[in-house]
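2 protein chains.
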Amino acid sequence: MNNSESQLSIFALGGINEIGKNMYIIQSSDDIVIIDCGSKFPDESLLGIDLIIQDISFLQEHKEKIRALIVTHGHEDHIGGIPYFLKQLNVPIYATNLTLGLIEIKLKEHGLLRETRLFLIDEDSTIRLGTIKTTFFRTSHSIPDCLGIAFHTPQGTIVHTGDFKFDLTPVDNHAPDIHKMAEIGQNGVLLLLSESTNAERPGSTPSERLVGDHIEDAFRHAPRKVFISTFASNVHRVQQIVNAALKTNRRLVLLGRSMVNVVSVAMDRGYLEIPDGMLMETNEVRTMNPEKVVILCTGSQGEPMAALSRLASSNFRQVEVLPEDTVIFAASPIPGNERSVSRIIDNLFQLGAKVIYGSGNVTGMHVSGHACQEELKLMLTLMKPKYFIPIHGEYRMLRHHSLLAESVGVRKDNIFILNNGDVVDIVDQEAIHTRSIDAGNIFVDGFGIGDVGNIILRDRKLLSEDGMLVIVITISKSGNKIITGPDTISRGFVYGPGAEELIKEVNQSVSQTIKNSKDRNQRVLKQNIKSSIEKLLYSRTKRSPMILPIIIDI
Amino acid sequence: MNNSESQLSIFALGGINEIGKNMYIIQSSDDIVIIDCGSKFPDESLLGIDLIIQDISFLQEHKEKIRALIVTHGHEDHIGGIPYFLKQLNVPIYATNLTLGLIEIKLKEHGLLRETRLFLIDEDSTIRLGTIKTTFFRTSHSIPDCLGIAFHTPQGTIVHTGDFKFDLTPVDNHAPDIHKMAEIGQNGVLLLLSESTNAERPGSTPSERLVGDHIEDAFRHAPRKVFISTFASNVHRVQQIVNAALKTNRRLVLLGRSMVNVVSVAMDRGYLEIPDGMLMETNEVRTMNPEKVVILCTGSQGEPMAALSRLASSNFRQVEVLPEDTVIFAASPIPGNERSVSRIIDNLFQLGAKVIYGSGNVTGMHVSGHACQEELKLMLTLMKPKYFIPIHGEYRMLRHHSLLAESVGVRKDNIFILNNGDVVDIVDQEAIHTRSIDAGNIFVDGFGIGDVGNIILRDRKLLSEDGMLVIVITISKSGNKIITGPDTISRGFVYGPGAEELIKEVNQSVSQTIKNSKDRNQRVLKQNIKSSIEKLLYSRTKRSPMILPIIIDI
Chain A
1 MNNSESQLSI FALGGINEIG KNMYIIQSSD DIVIIDCGSK FPDESLLGID LIIQDISFLQ
61 EHKEKIRALI VTHGHEDHIG GIPYFLKQLN VPIYATNLTL GLIEIKLKEH GLLRETRLFL
121 IDEDSTIRLG TIKTTFFRTS HSIPDCLGIA FHTPQGTIVH TGDFKFDLTP VDNHAPDIHK
181 MAEIGQNGVL LLLSESTNAE RPGSTPSERL VGDHIEDAFR HAPRKVFIST FASNVHRVQQ
241 IVNAALKTNR RLVLLGRSMV NVVSVAMDRG YLEIPDGMLM ETNEVRTMNP EKVVILCTGS
301 QGEPMAALSR LASSNFRQVE VLPEDTVIFA ASPIPGNERS VSRIIDNLFQ LGAKVIYGSG
361 NVTGMHVSGH ACQEELKLML TLMKPKYFIP IHGEYRMLRH HSLLAESVGV RKDNIFILNN
421 GDVVDIVDQE AIHTRSIDAG NIFVDGFGIG DVGNIILRDR KLLSEDGMLV IVITISKSGN
481 KIITGPDTIS RGFVYGPGAE ELIKEVNQSV SQTIKNSKDR NQRVLKQNIK SSIEKLLYSR
541 TKRSPMILPI IIDI
Chain B
1 MNNSESQLSI FALGGINEIG KNMYIIQSSD DIVIIDCGSK FPDESLLGID LIIQDISFLQ
61 EHKEKIRALI VTHGHEDHIG GIPYFLKQLN VPIYATNLTL GLIEIKLKEH GLLRETRLFL
121 IDEDSTIRLG TIKTTFFRTS HSIPDCLGIA FHTPQGTIVH TGDFKFDLTP VDNHAPDIHK
181 MAEIGQNGVL LLLSESTNAE RPGSTPSERL VGDHIEDAFR HAPRKVFIST FASNVHRVQQ
241 IVNAALKTNR RLVLLGRSMV NVVSVAMDRG YLEIPDGMLM ETNEVRTMNP EKVVILCTGS
301 QGEPMAALSR LASSNFRQVE VLPEDTVIFA ASPIPGNERS VSRIIDNLFQ LGAKVIYGSG
361 NVTGMHVSGH ACQEELKLML TLMKPKYFIP IHGEYRMLRH HSLLAESVGV RKDNIFILNN
421 GDVVDIVDQE AIHTRSIDAG NIFVDGFGIG DVGNIILRDR KLLSEDGMLV IVITISKSGN
481 KIITGPDTIS RGFVYGPGAE ELIKEVNQSV SQTIKNSKDR NQRVLKQNIK SSIEKLLYSR
541 TKRSPMILPI IIDI
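Chains as they are written, first to last, in the UniProt record's numbering: chain A, 1 to 554; chain B, 1 to 554.
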């Protein structure tokens, strides 16, 4: 690595070739700034894993250079890793008012609030982080109070968009600051990092405002109670639900821990207005005329422990879904969640509810928070960057985004489709990618951070598919006499009457193997037992359980 | 159950409230006819399960009454259970030419071909099954040679649609026989069973023919090799791919076992025409000009072992995806498969391929094989049934279908939304649902049919989440002295340096527990060890591995 004073480096520790665990790093000489610290939910192949976070060993090695963690907005894939990060590195955090509120909830849960340095910024802030002057611009997204960031370094300006769309008729009337973006672009942008979530989708994302009318309409036509489920953090959506309830003379109940938490932070900090007396307690629902009630709940993604899932399986004491009630999914299922969402919809139909579900394009009950192709081109056009790095997306999205960049005039050679850890170094205004640093997945499982690795996951997978057999045998130290056993215990493999016969056969085969083994070395004996039993079981059952021979020398 | 001669009963052993493992039963007096015998793929919660089939204990109890298994078409959810069924009940099978061909592949694999009685039927057949005269009508679907069935019983006519759409410009020019359907309806239909897959979708499903033009267009514009993936059983789609290849001067390679199998059956039986010299071997690809090659392969649903997945991970010896190659997904992902399909798309993009993917509505490369709402209404209108049972769908689909039936004049009280096993009995033209029979899921795992139950699945789930610990200890018969151990072996739980410390603590705690236990009964000792170690591990790791204490008395 070149240590010249004008060294500028940009890379991601998460968020490239994935949706989730965003973390981007700008290093200008000896000043490191971190952008976002998200978490990611594991897919079903990562058995037992609770959460995925970034490998921050690079940052730990250079901790004296870290000036700040700047958080663009309050979504989980941008703030979810913060408590785990802070347990390893105590770094000052800069974020807007609502974002700080959501971070504080997490810090409280992890007992980290007191020791953390939190700094409030807004779109007009200017902060100096060593050699990097940092300014901000307002964007719109599916959560209020989002920022894009301009890093003015000695080498030039780096812009990071955060997550955004161009909602020109936003619910809170705070439109994205296109003039400021134009000005930044006019002054020259050396490199743009822009999000790619919707880069596959043509056109523009509709305004959040359009959802409000559809919700009001549905409330008006609902003959009895209305349940509506959306992301708790979509405060503008929540505001529109509040407004629709007001207009249709319904009172509001909040169900689900994250809904209650976010609404309370958003109200406290002035992002959400709910008139006095409109909110009511869950146990008041029974006393109300059903046509006067809206229940706003979590669980639109089919999360099994969330409010909607419990309502659908009649597993909620104080409220129930009854025939003629209306249930609205004000969110499209995220890829991977379709099956669990469908199961809930089926259950709700079986309870006799009218269910409004499916793609937001069809129901009008949801719009995306991310820019589609025309908006991505607008951002690229406003910024006119010399270099471009598409971020925040899986590979095909990055690829589409890079084609969009080319189409508005960015030179093909100046576009870098990276992996997490790939470093773009800029020296004398010229960017190159020649090196990479460690940037893998760290698994959080229970209290453990990073202690679950491939061996454990491989074992869990083996165990999950065909279960296991423990074979215990005690042998005289001389090695010639079996004292107890073989005894075989199985879990997740076979069970019931047919199993006994098979286990008997296993035990006989083990005895035979021991008798036949000339080598009395434990390791060899175990290996012999394993391979003979593996063969036996596969030929009898076509299954391959994990086999654990235990030999005790007495 | 009423045993009067005029008893007529209808029920499902699979296919209601699910997509998969279709099996419907018509019983007229002492004659039982079975329609279809499908299998279903397990979702990710059914760890290690290969396949799900029907519980046929009712049929085993009444096997002397079974006259036939009639198979409507050759898809897995209609034929996949046949080998397992035949191992339990040897029943004559009636099906059309192509369907028989696909069934025979399965019977060969299971060594059942010789002993099975197979009967060829077509749309003009009339078969007498005891008191039931059975006729057929031609339908269109995403596989050729599909039939709907009319059962003319002493009580009246029962119609089963099979899977269908109304493709009025079919690729093979065999349009659905609307006139015959109209005639059946005109003569009076007592009860209709109609499929519900697309009952949520408005409008009509486009003709398969439209796909052909899009494929030809893509072939023409592809600068180098073309890979195209679709369901092997969609013979009309395969024919259109062949035609497009012909028109664009490309030769064809087949990749994937099921593609080779189905194409060979379809050619043998006259459902597919491939000109001589057009097919080539995989190893010839290297010798060809890339713009003269089409590779037709399996794996459009992201199946990890199928051809496309292996191509995407460069795991195929004789063919590889190279920059500028084109890869076409001629199939929409089935819900639940989105993530694996996306992973493959990303890999293909990384290899430099142009990938045509996404919903068939957008790409034009896929149309559904199932009737949408307007077509379902057409079927209901043609048949004018007195009673209606929506089948072949999850609950929300059945519900939508029943609303469609109401909208074209079926009386609400005459519509039965059932569960598998719910019986509709018809006596004197009046239908009632008052009873149910057993109709659960039977799991196939390796060679085992039905031997994997809830206990095994629960254990696999436990093992998959947090792994397990085996604790072995030998104690003197008197119970007072520990002779060896405690020794702890863990799998899928903790690993590496931190783990040793924890295991030491576990062993100490086990020794302590044994010392403190007054009761020397093995069961009590094991329970004490289990509960103390559970608490210890949860407090240290927030994980709950399965704990297996093994105590050996010497």
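In short, the hints are calculated from the structure, not lab data.
Treat the hints with care, since some could be wrong.
Which copy is meant is left open, so a pair is good if it fits within one copy or across any two.
Claimed, not checked - Within a straight-line C-alpha distance of at most 27 angstroms, the following computed BS3-like cross-link-like pairs (lysine-lysine) qualify: (1) 65 <-> 530; (2) 530 <-> 461; (3) 461 <-> 535; (4) 87 <-> 247; (5) 412 <-> 354; (6) 461 <-> 384; (7) 292 <-> 87; (8) 247 <-> 412; (9) 65 <-> 180.
Keep in mind it's a predicted model, so treat the numbers as computed, not measured.
Each hint, compared with the structure:
For a Cα distance limit of 27 angstroms, the shortest separation of residue 65 from residue 530 qualifies neither inside one copy, at 53 angstroms, nor across copies, at 49 angstroms. For the identical chains of this complex, residue 530 and residue 461 are neighbours both inside a copy (18 angstroms) and across copies (24 angstroms), given an alpha-carbon limit of 27 angstroms. Within a single copy, residue 461 and residue 535 get their C-alpha atoms as close as 20 angstroms, and across copies as close as 25 angstroms, so both meet the 27 angstroms cut-off. In the homo-oligomer, the alpha carbons of residue 87 and residue 247 never lie at most 27 angstroms apart, since the shortest distance is 47 angstroms inside one protomer and 64 angstroms across protomers.
Proximity of residue 412 and residue 354 under a CA criterion of 27 angstroms is satisfied inter-copy only: 17 angstroms between copies versus 51 angstroms inside one chain copy. Taking identical chains as interchangeable, the C-alpha atoms of residue 461 and residue 384 are never at most 27 angstroms apart, the minima being 48 angstroms within one chain and 52 angstroms between chains. Within a single copy, residue 292 and residue 87 get their C-alpha atoms no closer than 47 angstroms, and across copies no closer than 59 angstroms, so neither meets the 27 angstroms cut-off. For the identical chains of this complex, residue 247 and residue 412 are neighbours neither inside a copy (52 angstroms) nor across copies (35 angstroms), given an alpha-carbon limit of 27 angstroms.
Within a single copy, residue 65 and residue 180 get their C-alpha atoms no closer than 30 angstroms, and across copies no closer than 81 angstroms, so neither meets the 27 angstroms cut-off.
Hint compliance for this structure: hints 1, 4, 6, 7, 8 and 9 are broken, all remaining hints hold.
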